[in-house]
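2 protein chains.
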Amino acid sequence: MLRTSPLAALLAAAAIAPFSSTTAGATPTEGSGVAWDIVEGLTTEIGPRMAGTEAEARARVWAEARLKALGFSNVKIEPFRTLAWQRGPENAQLTAPYQQPLAITALGFSVPTPAGGLKADMVYFPTLAALEAAPDGSLKGKVAFVDHAMRRTQDGSGYGPYGNVRRMGPSIASAKGAAAIVIRSAGTDSHRMPHTGSTVWPKDVKPIPAGAVSNPDADLIARIAGRGKTMSIDLTLMGKPFPDAPSGNVVAELPGRDPSLPMILLACHLDSWDLGTGAIDDASGCGIVTAAALAAQKDGKTLRTIRVLWSGNEEMGMRNGGGDHYAFLHGGEKHAIAMESDFGADRVWQLKMSLNEDNAALGEKIKAALWPMGVVSYSGRAHGGADVGKIIREQNLAVIDLGQDGMHYFDLHHTPDDTMDKVDPVALQQNVDAWTAVLKVIANEPGDIGKVAAEEGGE
Amino acid sequence: MLRTSPLAALLAAAAIAPFSSTTAGATPTEGSGVAWDIVEGLTTEIGPRMAGTEAEARARVWAEARLKALGFSNVKIEPFRTLAWQRGPENAQLTAPYQQPLAITALGFSVPTPAGGLKADMVYFPTLAALEAAPDGSLKGKVAFVDHAMRRTQDGSGYGPYGNVRRMGPSIASAKGAAAIVIRSAGTDSHRMPHTGSTVWPKDVKPIPAGAVSNPDADLIARIAGRGKTMSIDLTLMGKPFPDAPSGNVVAELPGRDPSLPMILLACHLDSWDLGTGAIDDASGCGIVTAAALAAQKDGKTLRTIRVLWSGNEEMGMRNGGGDHYAFLHGGEKHAIAMESDFGADRVWQLKMSLNEDNAALGEKIKAALWPMGVVSYSGRAHGGADVGKIIREQNLAVIDLGQDGMHYFDLHHTPDDTMDKVDPVALQQNVDAWTAVLKVIANEPGDIGKVAAEEGGE
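Line by line, the protein sequences are chains A and B. All residue numbers for the first sequence refer to UniProt numbering, where the first residue is 1 and numbers rise by one. All residue numbers for the second sequence refer to UniProt numbering, where the first residue is 1 and numbers rise by one.
In isolation and in its complexed conformation, chain A is listed as follows (with noise of 0.2 Å):
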């Protein structure tokens, strides 16, 4: 507390001169425009919207609604059936050598604890690699806990090795006996909020109670470690799975002056994990790509159509989510490249293209539209991304990726954190100007968009 004691607070408050009552209060960040209307209006109106739940349903409901109203064709709810999985109550305590609360959380696809909790010694781990090299059987009721050290990257790159400790960690602690799992998080900040996200469970595993604690705690965790003491955890998760849960996908098209050319397909995710309220992860990627489209016909219809799909169940449908269920449909429908936005709402930065290479002087006017907002090109490829991989691999689409910085999104991805104030409005119409941008050249464009020979050694 600081030095003013409340008594003294009191007595000087009363000598405040008082406010009218028609002042306002805090002022959040305002922005305006399409974009941001749809960040503000699902992160206010529907907030957390978890795949299989009554929340992501009704966000379907406001997103026909919204996409109806800003005069786009073809507004569509598409329901699937969707494996997904369900938050129960959580909580841990280091109960020796000393006894700690934990922020914790469970992973997606966790199975429960013994309702009482399940306490256990916890064998730390400092990296991956090390549990992997732990001997078989050596783990029998204990818990293990995964260090790891990722860090912040403009693109994003440490996601991938470092989420493996999430994604692989629970298979490989379970396959080595362990009772359950803990990890730091797969996360970038320094706050008491654990990175939720799905863990994958191999068909030969069998799966475990597995959760993260924030990076503070994980810190903690480590300093006890290094002073070589036994741990002890008292853990409950009680989250489990929920095999078969209604999701959709919410599509919907501004129509192009020659419907029978291929179209252009867009895409974002409107399910959110259930901690924050999916600001970043996806609402800004719905806003920014449905903005862009709109901005993209201002002035007139494009030559092509240009389909924009709000994919349901991308947090949790690495085996029969939105983007599957997008393909399932929409296979036999003719496209010419697909792109999509889920990196959260800083700007774009980088551009990666996979074009075929015919289409040579096509990634050219594309290079040149993003020229005058300093876009850098990336010379590897684009790869879409989970609501539009099913789709380019089946058709061999061509692809175009907008980076976003990645600063900051592993600061807030997957926890409470991921709330309407984080996004910055004139970093959102940045990326809204960028998809304009691409959008008027590849929607425009009159020549052949020709398939993109699939990555060797990719999915």
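Hints in this document: simulated from the structure, not taken from any laboratory. In this text, all values refer to a predicted model and were calculated from it rather than measured experimentally. Mixed in with the good hints, there may be bad ones.
To be verified - Pairs of lysine to aspartate or glutamate residues, derived as EDC-like cross-links and limited to a Cα-Cα distance of at most 16 Å, are as follows:
no., chain 1, residue 1, chain 2, residue 2
1, A, K140, A, D121
2, B, K440, B, D258
3, A, K229, B, E45
4, B, K440, B, D299
5, B, K229, A, D121
6, A, K334, A, D244
What the hints assert, rightly or not - Taking CB as the label site, the calculated pair distances span:
no., chain 1, residue 1, chain 2, residue 2, range
7, A, G116, B, D244, 26 to 34 Å
8, A, P79, B, R227, 28 to 36 Å
9, B, V376, A, M407, 31 to 39 Å
10, A, K298, B, R227, 37 to 45 Å
11, B, K367, A, A133, 24 to 32 Å
12, A, G141, B, R393, 28 to 36 Å
13, B, F328, A, V426, 35 to 43 Å
14, B, L329, A, N91, 35 to 43 Å
Glycine included, each C-beta is placed from N, C-alpha and C at the ideal position.
Please build the complex by placing chain B on the supplied structure of chain A, with the hints as guidance.
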């Protein structure tokens, strides 16, 4: 989720060469020295240590052992009984017009809601003055929500007026008939971290359940209020007062060459709020004053004795905390100057002094000692803080405040985020250096250090 699909990531990871199992995991910021070790030890080995709890008792034992090990004399635990408060289960959801979970925490001295939750309409007030202006009885059966706009200030001066929303809002709402109150946290961050802290119930006011939501949640409530729709809340706050709890101070001395001279008193507090681990509030203060006392005697005893007070129950001790108990036990002893460190671990930037006018030369020596560190002088008075307030008032003591940079203090204050990783070891050491420079002057002052008249209208 980022573009890497979990399956692709699993495949990619299989190709990563394993690290040595001895490779370190994440490496927390590391410091060294007496102050750092106290902060590290208290946060790691004790953690949260709320007044009246068994954890606070363990902290006293830890403190006694540490102060003895550091070479202090007359190290003593001085137990007392205190009014405290116990947190219970707490959660809240907006139920209308939208369903949104809220990040909430109870304020100290809140009374419990009904166990099944309080379901009521919630009325938005943009300011404390607007709440005060509400007609008597107009809030009957309702929950009041009070917003405000506390902003970062270097000297922390926003905490007086905006902190009054927490200190005074609950009693004002109760007097208007409210069933409960929820406030925007008295904090300057944008994380889903509600800030706890004590509220004050004047004798004629009936206590009601009182909680604070995080700034992002308050932003959401403000946005919904702006839509003009009726809000309803389902509120559970089970915390309750705990009227006769054990607490205690820990005192220790570095005797001076002339023990007959009035001593120098340096204070911090040992208790912390339960949500974090009390790193900046106030393990850092204890680290700073203790390290500085030792450093001031590194080259031999100072003229005057230096006593350190690690106070119990500062956070909930407005009626009978550690500062009052210290004055009760030690009011018969002669003190020269009191100083307190309870504003985090950021750098000292400002010097405040309340000295007798005959001690102008001493004041100049103190200024000169801090001159090389760029510390600026404040023209008003110094006030000490809650742990030295009572003895200052009783003995009309001279006071020196070393004002710390408060730009980020209220980002963390009374939240789960008050953890070790927030302490910058370089800034912490700057504090120790500044305190040491001052102590070398004042603890070696041979002349009379005079009494200072109480401030007009002050406590």
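Each hint tested on the structure:
The hinted pair formed by A:K140 and A:D121 meets the criterion: a straight-line CA distance of about 10 Å does not exceed 16 Å. Simply put, B:K440 and B:D258 have alpha-carbon atoms about 15 Å apart, close enough for the 16 Å limit, and the pair holds. Only pairs whose Cα atoms come within 16 Å are accepted, and A:K229 paired with B:E45 is accepted, the gap being roughly 12 Å. For the proposed pair B:K440 and B:D299, the alpha carbon gap of about 10 Å is at most 16 Å, so the pair holds.
For the proposed pair B:K229 and A:D121, the alpha carbon gap of about 51 Å is over 16 Å, so the pair is violated. With a CA separation close to 31 Å, the supplied pair A:K334 and A:D244 exceeds the 16 Å bound. Hint check: A:G116 to B:D244, Cβ distance near 32 Å, so the stated range 26 to 34 Å holds. The supplied range of 28 to 36 Å is met by A:P79 and B:R227, whose beta-carbon atoms lie about 29 Å from each other.
B:V376 and A:M407 have their C-beta atoms about 34 Å apart, which keeps the hinted 31 to 39 Å range intact. Checked against the hint of 37 to 45 Å, the pair A:K298 and B:R227 fails, with Cβ atoms roughly 28 Å apart. A hinted range of 24 to 32 Å is violated for the C-beta pair B:K367 and A:A133, which are about 60 Å apart. Separation of A:G141 from B:R393 is about 59 Å and departs from the stated range, judged on CB atoms against 28 to 36 Å.
Restraint check, B:F328 to A:V426: a C-beta distance of roughly 57 Å breaks the suggested window 35 to 43 Å. Between B:L329 and A:N91 the beta carbon distance is about 40 Å. The supplied range of 35 to 43 Å therefore holds.
Going through the hint list in order, the structure does not satisfy hints 5, 6, 10, 11, 12, 13.
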